[in-house]
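Whenever a hint applies, use it, and build me the whole structure from the sequences.
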Amino acid sequence: MSMFSTGILVLTSPLHTLPLRIAPVLSSAAQLVDRTLYVHLHPGLNLGGGSQPRPVFIPPVVDLSTLITRLYSNAADVCGHLDVRVLLTNVRAPPAACSGTTTPNCPFPTPQPLSHSPEVVLTDFALQEPHQSHQVTQCLEKYTGHCYVCRPGLPSVLLHPELVKLQENGHMLENQVEKSEPLKTYTDVVVGGTFDRLHGAHKTLLNISCLLTNRRLTIGVCDQAMLKKKVLKELIEPYSLRVQRLQEFLQDAKPSLQVEIVPLEDPFGVSIVDPLLKCIVFSEETRKGGEAVNKKRIENGLPALVLHEIQLLKDAHHTEIEEEKISSSSLRSRLLGTLLTPPKDTSHLPPLPYVIGLTGGSGSGKSSIAKQLEALGAVRIDCDKLGHEVYQLGTAGYHRVVEEFGSEILNEDKTIDRRVLGRKVFGNQERLKALTGIVWPEIALLVKDRINQAKGEGKQVCVVDAAVLLEAGWQDLVHEVWVTIIPEEEAVLRITERDGVSTEDALRRLQSQWANSKQVEHANVVLSTLWEPEVTRKQVLKAWDHLQKRIKQTSEGQ
Numbered sequence: 004m005s006m007f008s009t010g011i012l013v014l015t016s017p018l019h020t021l022p023l024r025i026a027p028v029l030s031s032a033a034q035l036v037d038r039t040l041y042v043h044l045h046p047g048l049n050l051g052g053g054s055q056p057r058p059v060f061i062p063p064v065v066d067l068s069t070l071i072t073r074l075y076s077n078a079a080d081v082c083g084h085l086d087v088r089v090l091l092t093n094v095r096a097p098p099a100a101c102s103g104t105t106t107p108n109c110p111f112p113t114p115q116p117l118s119h120s121p122e123v124v125l126t127d128f129a130l131q132e133p134h135q136s137h138q139v140t141q142c143l144e145k146y147t148g149h150c151y152v153c154r155p156g157l158p159s160v161l162l163h164p165e166l167v168k169l170q171e172n173g174h175m176l177e178n179q180v181e182k183s184e185p186l187k188t189y190t191d192v193v194v195g196g197t198f199d200r201l202h203g204a205h206k207t208l209l210n211i212s213c214l215l216t217n218r219r220l221t222i223g224v225c226d227q228a229m230l231k232k233k234v235l236k237e238l239i240e241p242y243s244l245r246v247q248r249l250q251e252f253l254q255d256a257k258p259s260l261q262v263e264i265v266p267l268e269d270p271f272g273v274s275i276v277d278p279l280l281k282c283i284v285f286s287e288e289t290r291k292g293g294e295a296v297n298k299k300r301i302e303n304g305l306p307a308l309v310l311h312e313i314q315l316l317k318d319a320h321h322t323e324i325e326e327e328k329i330s331s332s333s334l335r336s337r338l339l340g341t342l343l344t345p346p347k348d349t350s351h352l353p354p355l356p357y358v359i360g361l362t363g364g365s366g367s368g369k370s371s372i373a374k375q376l377e378a379l380g381a382v383r384i385d386c387d388k389l390g391h392e393v394y395q396l397g398t399a400g401y402h403r404v405v406e407e408f409g410s411e412i413l414n415e416d417k418t419i420d421r422r423v424l425g426r427k428v429f430g431n432q433e434r435l436k437a438l439t440g441i442v443w444p445e446i447a448l449l450v451k452d453r454i455n456q457a458k459g460e461g462k463q464v465c466v467v468d469a470a471v472l473l474e475a476g477w478q479d480l481v482h483e484v485w486v487t488i489i490p491e492e493e494a495v496l497r498i499t500e501r502d503g504v505s506t507e508d509a510l511r512r513l514q515s516q517w518a519n520s521k522q523v524e525h526a527n528v529v530l531s532t533l534w535e536p537e538v539t540r541k542q543v544l545k546a547w548d549h550l551q552k553r554i555k556q557t558s559e560g561q
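Residue 4 is where the sequence shown starts when you use my numbering, and the numbers rise one by one after that.
Hints are computed from structural coordinates only; laboratory data are not their basis.
Small disclaimer: the values here were computed from a predicted structure and weren't measured.
Honestly, I wouldn't trust all of these hints.
[Unchecked claim] Below, in silico cross-link-like pairs of lysine-lysine (DSSO-like), each with a Cα-Cα straight-line distance of 27 Å or less:
id, residue 1, residue 2
1, Lys233, Lys298
2, Lys233, Lys521
3, Lys388, Lys417
4, Lys236, Lys347
5, Lys521, Lys451
6, Lys232, Lys521
7, Lys374, Lys451
8, Lys388, Lys451
[Stated by the list, open to error] Here are the in silico distance ranges between beta carbons for each label pair:
id, residue 1, residue 2, range
9, His84, His402, 57 to 65 Å
10, Gly83, Glu312, 22 to 30 Å
11, Gln131, Glu312, 38 to 46 Å
12, Asp387, Gly461, 20 to 28 Å
13, His549, Asp420, 40 to 48 Å
14, Arg421, His119, 56 to 64 Å
15, Glu524, Asp387, 46 to 54 Å
Even glycine gets a Cβ: it sits at the ideal position worked out from N, Cα and C.
Below, the structure written as C-alpha cells:
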C-alpha cells in the first residue's frame, strides 16, 4: 500500500488493554504514514455492530493520562520520525446538553478542521468475522468524517491482522481491571518550558495539561535570559516559531481551550501573579520549581497552586553526550554535522572542487576540525597563512599597507612589523576598516588561486579555514558555510590557557568577533568541539559522509 503524509488513528480498544497494543499499533501505522499521525481515542467503539456509531464524550480519567504518557514514549521508540498528536476534543465530562441539538453527547457539532489534512484513517478495531471488513471500513470513514474535516472517500485501513495475539492478552486482563479513577480538572492551568523542536515529552506535558484544563491554559515559553544556559542555545528555534508550533498543536489537540502563550524571562513569569490560576503542571525533574512558585505566590498573598507532576520520558536512543530523558538539547546535538539549511545558489562556482567555508570564533576548535577534514581527503586552505603571505615584502598587499600606514610600521629589514601595525588599528574602527579593506581582498585572490590549483589536481573538496569568512563576505567563494561553536565561557578558558592572556583580554577578543548566534544564521552545517575529541570526530565523519552524498547528487544532476 502507498505511503500517506498524514493519517488519523482511531483507537477503539478498552482503555485498560490499550497500553499493550500501542507499540505494535504505532509500528503498523508508521508503515503507512510518514509525517503526521493524529490519534483519536474512543475506547469501546464498535465499528462492526451494524448501526453507524457516533462520537461521544470520553470522561477524563487517571488511566487516560497514563495512556498518553505511554503512547508518546512508545512513539519515540518505534516511530520517532512521525509527528504524533493526541486529539482531545472528545475527552471531557459530558455537558448537560449541546446547544442546537437534543443529543447531549456531541463533542463534534461540526467536523473539526486539523492543521494537516488527513489522507487516510487507521484503526486498531478487531474484526469479529472476516466478511465484516467492507462494512467496518465504511463505518470508520463515516465516523471520522463526523469528527474531523476530511476529503470524501478517505481510505480506511484496519491494522487488526498484526494485533490478533494482543487481543487475546487483552481478554485475559479484562476482568482484572477496576473502573478508572476520575481525573480532577481545573478552570485555569499554567505550564512552562522552552518547547524547542516540539517532541514527545513536550506533547505529553501539553496533552496532560489540556486534560486538566476546563477553560484557560497559560503557557510560559522561555526567551532571552532563560536561554543563556541552554546547551547549544544557538540552535534553539526562534521564539516566534516555537509559539507558532505550540498554537498549532493546541488548536489540533483541544480547540475549545482559551490558550495564552507568554514569554518567560525568569523562572516564575505569570505563575506567581495571576490570581485565577489553580494548577501548575511540571515534569518530575522540575518539582522544586513548582514548589518555588507556590512559595512566591504565598509571599504575594495568592493561594498556592495544585502541583501536578508528570513522569519523564526515557530516550532509548540517547548517546554518551545526551540526557537519558527525551530532551530538546539531545535533539539539538543530533543536528550537529547535518545540513541545517540548503546551500544558496552557487551556479557561479564550478561544481568541483566543492568548497566548504569553515569558520568559528576564537577557541572554537575550527582549525582542529579543518585538519580532520584534511585527513579525510579535503584540501585545506589556511587563511591565516595566506594573510601572512599578503604582508610579504614586495607583494601588492605589502605596498598598499605601507602606503596607507607609513614607513614607521617597517622593521629595519623593510618587513612589516605586525605588532606595530596592530597598535595602529587597535580600538580604531576606521583604521581597522582601512587595513581589512586592503588585506581581505588580497587573501580572497589567494584563496581563488588555491582552489584553482586544487581543481587542476583533480581534487574533490576544498576547505577554506577562515576565522573572518563571514565578516569578509567570502561566502561567494564557497558552496557551503560550516560554523564551529562553543559556549563563551569555554572559549575564554581555552584562549587563556592557549595564549596566556587574561580573562578580560580573552573576552575582548571574543566580543570583537561575530557572536555564535550571528554566525549560525549563515551556517549550512554547525559543529561543536564542546565534548570529548571522539565526539567531535563522529560529528566530522557524519558531516563528511553527508557531504559526499550531496556532491554525488550534484554531479548526477549536472
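For the range 20 to 28 Å, tell me whether the beta carbons of Asp387 and Gly461 fit it or not. This hint holds: roughly 26 Å between Cβ atoms.
With a cut-off of 27 Å on the C-alpha distance, tell me whether Lys388 and Lys417 pass. holds (20 Å)
Lys521 paired with Lys451 [C-alpha distance capped at 27 Å]: Holds, at about 26 Å.
Take a look at whether the Cβ-Cβ distance between Gly83 and Glu312 falls inside 22 to 30 Å. holds (25 Å)
Between the alpha carbons of Lys236 and Lys347, is the straight-line distance 27 Å or under? holds (24 Å)
Taking only the CA atoms, is the gap from Lys388 to Lys451 under or equal to 27 Å? OK: Lys388 and Lys451 at ~14 Å, within 27 Å.
Within 38 to 46 Å: is that where the Cβ-Cβ distance between Gln131 and Glu312 falls? This hint holds: roughly 41 Å between Cβ atoms.
Pair hint Lys374 and Lys451, alpha-carbon separation not exceeding 27 Å: Holds. Lys374 to Lys451 sits at ~20 Å (cutoff 27 Å).
For the range 57 to 65 Å, tell me whether the beta carbons of His84 and His402 fit it or not. holds (59 Å)
Do the Cβ positions of Arg421 and His119 conform to the proposed distance bound of 56 to 64 Å? Holds, since Arg421 and His119 (Cβ atoms, about 59 Å apart) stay within the stated range.
Note whether the CB distance of Glu524 and Asp387 lies within 46 to 54 Å or breaks it. The hint (46 to 54 Å, Cβ to Cβ) is violated, given that Glu524 and Asp387 are roughly 24 Å apart.
Between His549 and Asp420, does the beta-carbon spacing fit 40 to 48 Å? holds (45 Å)
Checked against the numbered hints given earlier, the structure breaks only hint 15 and satisfies all the rest.
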